[in-house]
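Position chain B relative to chain A; hints supplied.
In order, the protein sequence lines correspond to chains A and B. Count the first sequence with my numbering and you get residues 1 to 460, in order. Count the second sequence with my numbering and you get residues 1 to 346, in order.
Accuracy of the hints is not assured; some may be wrong.
Stated by the list, open to error - Pairs of lysine to aspartate or glutamate residues, derived as DMTMM-like cross-links and limited to a Cα-Cα distance of at most 25 Å, are as follows: (1) A:369 x B:183; (2) B:103 x A:437; (3) B:103 x A:373; (4) A:349 x B:186; (5) A:100 x A:405; (6) B:180 x A:358; (7) A:349 x B:292; (8) B:180 x A:373; (9) B:326 x A:286; (10) B:54 x A:358; (11) A:376 x B:186; (12) A:357 x B:183.
No wet-lab data here; the hints were simulated from the structure.
Chain by chain, the residues run as shown.
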Amino acid sequence: MKRLRLLLACILVVCMVASLIVGCSSGSKQATEQNKNEATSEGATSKSESTSQEAGKTENPTGVAALEALLSMKDNLSLSGIQPLKLNSRANIFKAVPVKQKKDVTIGWCAASLGSTFFENMIGSARDTAKKYGYKLLYENANFNVQTQSTHMETFITKKVDVIVLNAVHINSSLQDIKHAVEAGIPVIVTGPTPTPEDFPVITTILSGSYAPGFQVGEYIAQKFYQKGKVLKVGVVAAQIGMAADSESRPCGFIGGFLHKSAEIAGNPYPSKYDAMYEGYKAWIEFRDKGKLDLSEKGINLVGYGNGGSPDPQGGQKGATDLLTAHPDMDILFVETDPMFPGVEAEIKSHNMVPGKDIVVACAADGLKAAMDAIKQGRLLVTGYNSPLVNGTTIVELIHDMFEEGRDVNNLVANAYTPAQIITPENVDQFYDPNLDVAKPIPFEVPTIDEYNAAHANEK
Amino acid sequence: MQSKTENKSGERQKAVIGIQNRSIGSILMRHNASFILIVLCIVSTIISPLFLTKGNVFNLLRQQSTYMIISIGMLTVMLTGGIDLSVSSIAAIGSIMAAIPLKDWGYDTGLGLVSAIAIGVGCCVIIGAINGFLVSYLNMPAFIVTLATSFSIQGVAFILTNGAPILLDFTQHSSSIIIKFGEACDPIFGIPYPVILAAVVVIVFYFIMSYTSFGRLVTAIGSNETAAYLAGINVKRYKFWVYVISGLLSGIAGIIILARAGSATPLTTASDYNLSSIAGVVIGGCSLTGGEGTVGYTVIGVLVIAVLGNIMNLMSLAVYPQMMVKGLIIVLAVLLRSMTSKSMAG
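Chain A extracted, bound-state conformation (with noise of 0.2 Å):
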């Protein structure tokens, strides 16, 4: 009798805990979501200033607003990649620009982790580009350690690299390392995978941005599959829902692709695509916490998602297992990255279903060479583009611009995200090279401030 009240008492105790965290978060969630109304976002014009006092002011903002609106979200995690219209000017944030002329260039690389097709080829791409000029690139791998990146910054403080290039495990924590290189003479360019925030005294920040591709994919889906009253149903498998930025950006940026696109057939379009996109995120976030969001007179029904744990086959076919089981008449399954690809589709012949006949799969990234090919094959419709030989080679050739061409970085913009586009049945001879593992790379020159403000002068 005494153990079995011992019992109960363990049991309420676990309950009353358990029910505080979730009430707390829960009630924080409310509280954040406020504030964000009121708040101001980073970065923003004095014109958008008004329009976000107004987005807080309305309950569905539209245009510009809704852009505002976004950017000033707490939850922020599944809008990686996007940018607002106009940015402030960087010039007077102290770089360590300009440099000193110079040929023989010293690049210290700080990689977070070299443990994948995407790291390897970066960094591959960026030490055949330094020997093309003669330069020399020492790197050290942190593996995601914080400490580690940091004991490796002030390595290449100490041998007095000319410039660093940080691909930074946590980019917030990197700020005093920055701060030390940038007075020691040591100018630093960031390459994700995360995005820097304006005022860090970096050169620039070259990444890929998450929500775009995803975008592009949901509007792509929706021109092939969209018909006005009939409802498709779509399933997300993912890496990391809830922790990583792809995870969640990608998907998001599906949804509101999706919608922008089914809108514009259905003959009822969005006043522009930053209303689709604020919806889509709505719908994220809703989808997101309670596992499945029917959007039927929107013509998509998100049955539900797969949460893999790697972005890899096992972690696509962990995704995708039970899904499959719950949902079999899925239309569309929507991958998050298409190195999860053939764990997904391992699991698709296991339910008895053949992949693009029975079900549509569609990825949002990277390109990679055996995604381009299923493709071809018609096993998988769409991924995203999402080359590292970009962002590696990009690297280099700026270094290059800085130190032997006196190009002028002082006012570069704070995130440089590199071209956001799919690969299609239609295009993919365009990205396809047998001797590459990922798609061709597309050359991408690092915009100023003023030429990104004037490309985007005339959005709205």
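Frame of chain A, contents of chain B only:
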């Protein structure tokens, strides 16, 4: 000399105690893992009609085949009071070292496939032997040794693969056989082949641990290592062999991983086999200090975690609540386990 009255009251006491040990409460406490699994299955069937379908059950078992095999290896280690935190890494190396010959060395025949599997599993056995040697003969703490081994193997896995997954070529004969093994089912009952392999492992180890001196002595060492040593048992040898067994079974799991996914990736080193297998073994009644635990209940413990995850996925439960519920149920199961141990000891 005891009086007859005292004898009778003693017998009455024993009879009362006997009745207490057979009460429903004590039975439930003793077999709490089975009870939890039955309750979960009933609740799952009520919540989702898909749960008890053939497709879902076989998919669930197919997913759990690797966890089951690794958990059996973990059980043998934990019975001696040890632990093996390198199982995920060893499984990764097993899959990678089997994939490399198939993909890069041209092992394209049936014999080539067997050789590739032997290489993969062999490497895992060697790693298990290293663990066993360091723990048993050099008396190093198992926690530290296996953690260190895990880190080292992670590095090796990334070096071997350059960080990228090794995808098997479906058009190659040997690769197609192993992929078919991962995907296909037996023609009579439709049971997936990985599940059959896991069942064979479970049955073999059930007999080893229950009916052989090896099994009994491994448990005895965990119960009281000093007493076992004084009784003349070669404690070091048995402790060495349990780590070899853990390595072997992790290697077999690695082959299944390769077969199912058609690829080998270094990211397997970071997967949840370590904690999931420990949780399954503990839920199944194995003591963390050793000396207690059975193969049958380990299977039940693994299935408890599996059913839990499965039903939450079938319900399309969001990711945050899933993590909370899983943790809660595991805490509850372990709490019941520790209370059972105390009551049995009392």
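With a cut-off of 25 Å on the C-alpha distance, tell me whether residue 100 of chain A and residue 405 of chain A pass.
-> 11 Å, holds
Given the hint that residue 326 of chain B pairs with residue 286 of chain A, test it: the Cα-Cα distance must not exceed 25 Å.
-> 22 Å, holds
Mind checking the alpha carbons of residue 349 of chain A and residue 292 of chain B for me, to see if they're no more than 25 Å apart?
-> Not OK: residue 349 of chain A and residue 292 of chain B at ~41 Å, beyond 25 Å, violated.
Given the hinted pair residue 54 of chain B and residue 358 of chain A, is their alpha-carbon gap at most 25 Å?
-> Given pair residue 54 of chain B, residue 358 of chain A holds - Cα atoms ~20 Å apart, limit 25 Å.
Given the hinted pair residue 376 of chain A and residue 186 of chain B, is their alpha-carbon gap at most 25 Å?
-> Violated, at about 33 Å.
Pair hint outcome, residue 369 of chain A versus residue 183 of chain B [Cα-Cα no greater than 25 Å] | 24 Å, holds
Holds or violated: residue 180 of chain B with residue 373 of chain A, Cα cutoff 25 Å?
-> 21 Å, holds
Within 25 Å, alpha carbon to alpha carbon, are residue 103 of chain B and residue 373 of chain A?
-> At roughly 17 Å apart (the allowed maximum being 25 Å), residue 373 of chain A and residue 103 of chain B satisfy the hint.
Taking 25 Å as the top limit, are the C-alpha atoms of residue 180 of chain B and residue 358 of chain A close enough?
-> Roughly 20 Å between the alpha carbons, so the hint for residue 180 of chain B and residue 358 of chain A holds.
Are the Cα atoms of residue 349 of chain A and residue 186 of chain B separated by 25 Å or less?
-> Holds, because 16 Å separates the two Cα atoms, which is no more than 25 Å.
Residue 103 of chain B paired with residue 437 of chain A [C-alpha distance capped at 25 Å] = Holds, at roughly 15 Å.
Pair hint outcome, residue 357 of chain A versus residue 183 of chain B [Cα-Cα no greater than 25 Å] = 19 Å, holds
Hints 7, 11, counting from the list given before, are not met by this structure.
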